[in-house]
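Protein chains: 2
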Amino acid sequence: MKILITGGAGFIGSHLCDTLLDQNHNIVVIDNLILGKLENINHLFESERFKFIKEDLLNLGSLQQLFEEQSFEMVFHLAANSDIQKGGKDPEVDYNLTFNTTFNVLQCMKEFNVKKLFFASTSAIYGETSELLTEDFGPLQPVSNYGAGKLASEAFISAFSATYNIQTWITRFPNVVGERFTHGVIYDFIHKLKSNPEELIVLGNGEQNKPYLYVKDLVEGIIYVYNNSKEQFNVYNLGSYSRTKVKEIAQMVIEEMELNATIRYTGGDRGWIGDVPEFKYDLTKINRLGWEAKINSNDSVRIAIQKALGK
Amino acid sequence: MKILITGGAGFIGSHLCDTLLDQNHNIVVIDNLILGKLENINHLFESERFKFIKEDLLNLGSLQQLFEEQSFEMVFHLAANSDIQKGGKDPEVDYNLTFNTTFNVLQCMKEFNVKKLFFASTSAIYGETSELLTEDFGPLQPVSNYGAGKLASEAFISAFSATYNIQTWITRFPNVVGERFTHGVIYDFIHKLKSNPEELIVLGNGEQNKPYLYVKDLVEGIIYVYNNSKEQFNVYNLGSYSRTKVKEIAQMVIEEMELNATIRYTGGDRGWIGDVPEFKYDLTKINRLGWEAKINSNDSVRIAIQKALGK
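Chains P and C, in that order, are what the protein sequence lines are.
If you read the first sequence in the numbering used here, its first letter stands for residue 40, the second for the next number, and so on.
If you read the second sequence in the numbering used here, its first letter stands for residue 40, the second for the next number, and so on.
These are calculated hints, taken from the structure and not from any lab test.
Predicted model, so just to flag it, every value in this text is computed and none were measured.
Hints are supplied without guarantee of correctness; some may be wrong.
Because identical chains cannot be distinguished in the list, a pair is counted as satisfied if it fits within a single copy or across any two copies.
Claimed, not checked - With a cut-off of at most 20 Å between alpha-carbon atoms, the simulated SDA-like pairs for lysine to any residue come out as follows:
1) K324 <-> G177
2) K154 <-> D129
3) K93 <-> G245
4) K233 <-> D61
5) K350 <-> G307
6) K324 <-> F176
7) K319 <-> D175
8) K319 <-> G177
9) K125 <-> K149
10) K128 <-> Q146
If we strip away everything but chain P, and leave its shape as in the complex, we get:
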C-alpha cells in the first residue's frame, strides 16, 4: 500500500516508518523538520520504498501537488505540535501545527479521493476528570490548546469521514516515551541534571500520576488497531493500566544517571497550566480487540531513561 506519513521524521512517526517499511508498504514522509530530525530516518533512505519530502503541511499548494503526484492509498497523520506548555503560551502554535495541519490533510484527502486515514489523538481531549476514561466519555472539555487542537481535528475528521466516506482509525495516546523523544518529563529531568547534578527542581508536587507507554509498544498497538478494527470510524484508547508518578520518574532518572541529587518540588498539584495531573484509561475496548501493552508504565519509563542515556 502507498502510504503518506505526516510528521514521519518525528519521535513516534519515525518508529511507525520502521514498522510499515518492514511490512513492505511504500512510504512517503512529509515533515518540516521543526520537531522531526533527519537522524531519525537516515537509516531508511537506502530503501527504494521510502521517500522523504521536507515540506510544511501548512503550505496547502505544495501538499496538493504531493497528493496529485503520488496517489496515496492511506494517510497516517501524526504531524502536530507536541509541546503542551508551548501551546499554552501561544495559542497559534496548536491552532496551526495541531489543527490546521489536520484540516489541510483532510482537504487534500477529499480532493484527491484518499479513503483511509489514521489519526494520532491524545488523552488531552478528555480534559481534567477523575473518572475512568472510556472512548465514549463526555463531556469533552480540554484544558490545553494542545487538547483543543486535537479535539478540533477529531471533530473535522468525524465530519469528513461521514460526509466524504473516509474510513478512519483514531488512537488516543497516553504519554509516550522511548528512543528519539524530543521533550517531556524524562527529557527535562536529564537535561536539568546535566546542568546541575546536585539538585533536581520538579514542577508541581511530584504526585502527578499518568500512564507512560513505550514507543515500540505504541506503534505495535497502532498497527494492531488498523489491522483488526474494521468499522467506518474506529476510535481506541491506547495505553496501559499501570501508571507512574512524576516523583518516581525523578528517582529513576537520578538512579540511572548514578547521581546523589536532592529533589526540590515547586509545589502545587500540576506542572503548568494546561497540565492534567492524573488520568486513567479504560482499556476494555482495545483489550477486547486483542491487544495489550507488553511493557508496563514503570518499565517503559526505565527503558526510555536508559536509551536516552545511551545505555
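Starting from the known structure of chain P, arrange chain C on it as the hints suggest.
Same frame as chain P, but now just chain C:
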C-alpha cells in the same frame, strides 16, 4: 455592561440585541452582513447605547482594533455559517465562518483581557445517535462540517477558559425558527410553494423529527442561563421536549398559505448528507436551573410560518 455581539445583525443575533438593549446594556454589533441584514437592526440605530460595525471577523487586524477601542466586558459570539448543506459542499465554509471566527474572537479576548464569553453552539456537535442527549453525552462525532466547526470552537473555548480564565456560557441550540430567519425547512417550503403552488417536493421521507424552538423563547433561555448559572464553564442544552416531523411542517406551510398542493417525498431517511434525521435533548439541566420553553415545537413552527407570511 459593554457587550460585543458578533453576528448581531443575523436572525438570532438581532433578537438578542433587542433584549440586551432593553436591559440597558451598551451593545456593539459586528457583522459582515453576508447572512445578517441591516433591516434586522435598523430599529436599533436610534439608541445611543447601540453601535454597528460592518466588518468581517476573519479580518483579525480590524477585530483587534475594535477590541482596543471599545473595552468590552463580555462577548456574545453568534457569528457563524448557519447553512449545513452549504458547508457539506465546501468545507472551507464552516472552517472559516464557523470555526476561524471563533478562534479570532478568542485571540482578541485573550489579548484585550475580556473575561466573559457566551457561545452559540448546536445539537449538531452530538452527531447522529438515537440516545437522549445530555450535556455530558459522548462520544462527540459530528456528521456535518457545521457540527465539526462548532465542536472545534467549543474545544478551543474550553481550553481558553481554563488557560486564560475566561468565564463561559455555552448553550446548544436545536432548530430555531421565527421572524428574520434566512434559511431552513420552513423558509425552503414557502419559497418552493411560491414558485410552484401545485406541488411541494420534500427532501427525504418526511419522517425527520426534531425539536423546533421559537427564537424569542431561545433568546429568553440564553439570558436566563447567563443570569443564573455561575460556574466557570457553563454548558446547557436549550430546547423543548416536543418535536415536529418534516411532513407536519409541510402540511402546516400548505395550510397557512391556503393552498391545495400535493406533497412529493424524494425518499430516504434524511434531507441531505450531514442532516441528522432525529434527535432529542435531555433538558433536565436547564429545567432544574428554572427555565423551560413557553412555546412547544409545533406552535413554534406555526408561529414562524405565520410571521414569514406576514400574518
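- Given identical chains, is K93 near G245, meaning Cα to Cα at most 20 Å, within a copy, between copies, both, or neither? neither (39 Å within a copy, 52 Å between copies)
- Between the shortest in-copy and the shortest cross-copy C-alpha distance, which are at most 20 Å for K125 and K149: within, between, both, or neither? Close across copies (16 Å), not inside one copy (31 Å); limit 20 Å.
- Task: Classify it for me, K128 with Q146: is the Cα-Cα distance of at most 20 Å met within a copy, between copies, both or neither?
- Result: This pair counts as between: shortest inter-copy Cα distance 12 Å, intra-copy 28 Å.
- For the identical chains here, do K350 and G307 meet the 20 Å Cα criterion within one copy, between copies, both, or neither? neither (34 Å within a copy, 63 Å between copies)
- First find the shortest C-alpha distance between K324 and G177 inside one copy, then the shortest across copies, and answer within, between, both or neither for a cut-off of 20 Å. both (16 Å within a copy, 15 Å between copies)
- Query: How would you classify K233 and D61 at a CA-CA limit of 20 Å: within, between, both, or neither?
  - Reply: Neither: 36 Å inside a copy, 65 Å across copies.
- Within, between, both or neither: K319, G177 at alpha-carbon 20 Å: For K319 and G177, the Cα distance is within 20 Å both inside one copy (15 Å) and across copies (17 Å).
- Within a copy, between copies, both or neither: where do K324 and F176 come within 20 Å Cα-Cα? both (13 Å within a copy, 18 Å between copies)
- Copy assignment of K319 with D175, given that the CA separation must stay at most 20 Å: both (14 Å within a copy, 18 Å between copies)
- How would you classify K154 and D129 at a CA-CA limit of 20 Å: within, between, both, or neither? Classified as between: cross-chain Cα gap 18 Å, same-chain 34 Å, threshold 20 Å.
Of the numbered hints stated above, those contradicted by the structure are hints 3, 4 and 5, listed in ascending order.
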